[in-house]
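> Sequence:
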Amino acid sequence: MEEKKSKVILHGMWASTYSKRVEIALKLKGISYEYVEEDLKNKTESLIQLNPVHKKIPLLVHDGKPVAEPLVILDYIDETWKNSPPFYPEDPYERAQVRFWVSYINQQVFEVMGRVMLQEGEAQTKSVKEARERFEVLEDGLKKHFPNKTIRGNDDVGLLDIIIIASFGVHKAIHEAIGVETIDPLNTPTLYNWIERLQQLPVIKEVQVPHDRLVTFLQKYRQEHLQQAAKA
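For what it's worth, full-length UniProt numbering labels the leading residue of the sequence shown as 1, then goes sequentially.
Worth flagging that the hints you see were computed from the coordinates, not collected in a lab.
C-beta: ideal position from N, C-alpha, C; glycine also.
Misleading hints may appear alongside valid ones.
[What the hints assert, rightly or not] Each computed DSSO-like pair below joins lysine-lysine, with the alpha-carbon atoms no more than 30 Å apart:
id	residue 1	residue 2
1	LYS205	LYS55
2	LYS82	LYS205
3	LYS143	LYS129
4	LYS172	LYS220
5	LYS27	LYS82
6	LYS43	LYS27
7	LYS172	LYS27
8	LYS56	LYS27
9	LYS27	LYS149
10	LYS7	LYS29
11	LYS205	LYS149
12	LYS220	LYS205
13	LYS129	LYS149
14	LYS231	LYS126
15	LYS149	LYS82
16	LYS7	LYS56
17	LYS56	LYS231
18	LYS43	LYS65
19	LYS27	LYS205
20	LYS41	LYS65
21	LYS41	LYS172
22	LYS7	LYS55
23	LYS41	LYS220
24	LYS55	LYS82
25	LYS56	LYS205
26	LYS129	LYS144
27	LYS149	LYS172
28	LYS41	LYS56
29	LYS144	LYS172
[Said to hold, decoys possible] Quick list of the computed label-pair ranges, beta carbon to beta carbon:
id	residue 1	residue 2	range
30	ARG115	GLY64	34 to 40 Å
31	SER46	LEU226	30 to 36 Å
32	HIS211	ARG152	21 to 27 Å
33	PRO189	PHE100	18 to 24 Å
34	GLY30	LEU186	34 to 40 Å
35	ALA123	ASN83	45 to 51 Å
36	GLY64	LYS144	42 to 48 Å
37	LEU226	GLU79	40 to 46 Å
38	HIS54	TRP14	16 to 22 Å
Work out the full structure, taking the sequences as your base and the hints as a guide.
Quick look at the structure:
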């Protein structure tokens with residue numbers, strides 16, 4: 001159980017999928033925390049001082065001690081608060097598979113989705129094709145390595161689930177914002193249904209961003225980037 005004297009602060013940003021990962025992790029473990037919303041164009045002095053290397057969110061501060069970088073934070077939470085649910089399976093091979101597919105999502109899928117979000121025309125068309133190919137690889141990996149995955153409650157949620165729902169739970173908002181669909185019941189049914197089941201959990205609903213607000217934010221963010229790129 002959480003120690004009474006423990007003080008936890010999370011510096012985050014409402015639309016950040018990386019912040020959502022940490023929020024979900026804290027709520028899954030039942031950890032009370034103070035949330036500090038950061039304006040990424042005008043960051044708080046405490047964020048800059050406590051995370052001097054990257055000066056980025058999310059930043060977890062536990063009893064005055066800062067912990068930076070999303071995956072490092074998630075591991076820290078899991079190792080510090082050992083109550084259920086554990087973020088990794090007990091079996092070493094299963095743990096290795098979780099780490100592999102988390103890495104694949106972070107390094108391969110997120111990278112190409114960033115390009116899809118901020119491109120247009122032929123360049124975007126090429127990136128969309130590449131993104132769909134990478135989602136197909138993820139789809140096959142989930143079916144092969146996690147064939148008996150069940151999601152009935154908080155105890156069924158681990159690190160891979162946190163990464164999946166925080167990263168892709170907004171796929172419908174992305175589709176509406178930029179007109180590109182990469183996750184659907186026909187081509188990626190395992191991933192699609194995985195997300196749908198996670199979204200039914202009360203702990204996930206607590207941190208979900210309002211759909212319309214996110215669509216507006218993504219459209220504005222994309223437009224600002226395209227305008228800056230055109231001036232460069």
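> Hint by hint, say whether it matches the structure.
Status of the hints after comparison with the structure:
The straight-line distance between the Cα atoms of LYS205 and LYS55 is roughly 29 Å, inside the 30 Å bound, and the hint therefore holds. With a C-alpha separation of about 23 Å, the suggested pairing of LYS82 with LYS205 holds against the 30 Å cut-off. As the CA atoms of LYS143 and LYS129 are separated by approximately 21 Å, the hinted pair is consistent with the 30 Å bound. Our distance criterion of 30 Å between C-alpha atoms is met by LYS172 and LYS220, whose separation comes to about 17 Å.
Under the criterion of a C-alpha separation no larger than 30 Å, the hint pairing LYS27 with LYS82 is consistent with the structure, at around 14 Å. With a CA separation close to 25 Å, the supplied pair LYS43 and LYS27 stays within the 30 Å bound. In summary, the hint linking LYS172 to LYS27 is supported, as the alpha carbons are separated by about 24 Å, within the 30 Å threshold. At most 30 Å may separate the alpha-carbon atoms for a hinted pair to count; LYS56 and LYS27 meet this at roughly 21 Å.
A hinted pair counts as satisfied when its Cα atoms are at most 30 Å apart, and LYS27 with LYS149 qualifies at roughly 21 Å. For a cut-off of 30 Å, the pair hint linking LYS7 to LYS29 stands: about 14 Å separates their Cα positions. With a C-alpha separation of about 20 Å, the suggested pairing of LYS205 with LYS149 holds against the 30 Å cut-off. Taking the CA atoms of LYS220 and LYS205, the gap is near 25 Å; set against the 30 Å cutoff, the hint holds.
In summary, the hint linking LYS129 to LYS149 is supported, as the alpha carbons are separated by about 28 Å, within the 30 Å threshold. Distance hint between LYS231 and LYS126 is fulfilled; the C-alpha atoms sit about 23 Å from each other, no more than 30 Å. Using a Cα cut-off of 30 Å, the hinted pair LYS149 and LYS82 holds, with the two alpha carbons roughly 22 Å apart. Pair hint LYS7 plus LYS56 holds up; C-alpha atoms about 21 Å apart against a cutoff of 30 Å.
Only pairs whose Cα atoms come within 30 Å are accepted, and LYS56 paired with LYS231 is accepted, the gap being roughly 26 Å. As the CA atoms of LYS43 and LYS65 are separated by approximately 19 Å, the hinted pair is consistent with the 30 Å bound. Using a Cα cut-off of 30 Å, the hinted pair LYS27 and LYS205 holds, with the two alpha carbons roughly 11 Å apart. For the hint pairing LYS41 with LYS65, the CA-to-CA distance comes to about 24 Å; that is within 30 Å, so the pair holds.
At roughly 27 Å between alpha-carbon atoms, LYS41 and LYS172 fall within 30 Å of each other, so this suggested pair holds. For the given pair, LYS7 sits about 21 Å from LYS55 by alpha-carbon distance, which is consistent with the 30 Å threshold. A threshold of 30 Å between alpha carbons decides the hint, and for LYS41 with LYS220 the separation of about 15 Å falls inside it, so the pair holds. For the suggested pair LYS55 and LYS82, the alpha carbons sit about 28 Å apart, so the restraint of at most 30 Å is met.
A threshold of 30 Å between alpha carbons decides the hint, and for LYS56 with LYS205 the separation of about 25 Å falls inside it, so the pair holds. For the suggested pair LYS129 and LYS144, the alpha carbons sit about 23 Å apart, so the restraint of at most 30 Å is met. Restraint check: the Cα-Cα separation between LYS149 and LYS172 comes to about 23 Å, which is no more than 30 Å; the hinted pair holds. Restraint check for LYS41 and LYS56: the C-alpha separation of about 11 Å stays at or below 30 Å, so the hint holds.
Among the hinted pairs, LYS144 with LYS172 is consistent with the structure: their alpha-carbon atoms are about 25 Å apart, no more than 30 Å. Take ARG115 and GLY64: their Cβ atoms lie about 39 Å apart, and the range 34 to 40 Å holds. A hinted range of 30 to 36 Å holds for the C-beta pair SER46 and LEU226, which are about 33 Å apart. About 25 Å separates the C-beta atoms of HIS211 and ARG152, a value consistent with the hinted range of 21 to 27 Å.
One distance hint, 18 to 24 Å for the beta-carbon pair PRO189 and PHE100, holds here, with the actual separation near 21 Å. At roughly 38 Å, the beta carbons of GLY30 and LEU186 sit within the given window of 34 to 40 Å. Taking 45 to 51 Å as the suggested C-beta distance range, the pair ALA123 and ASN83 conforms, at roughly 47 Å. The supplied range of 42 to 48 Å is met by GLY64 and LYS144, whose beta-carbon atoms lie about 44 Å from each other.
For LEU226 and GLU79, the Cβ-Cβ distance of about 42 Å falls inside the hinted range of 40 to 46 Å, so the restraint holds. Take HIS54 and TRP14: their Cβ atoms lie about 19 Å apart, and the range 16 to 22 Å holds.
Going through the hint list in order, the structure satisfies each hint without exception.
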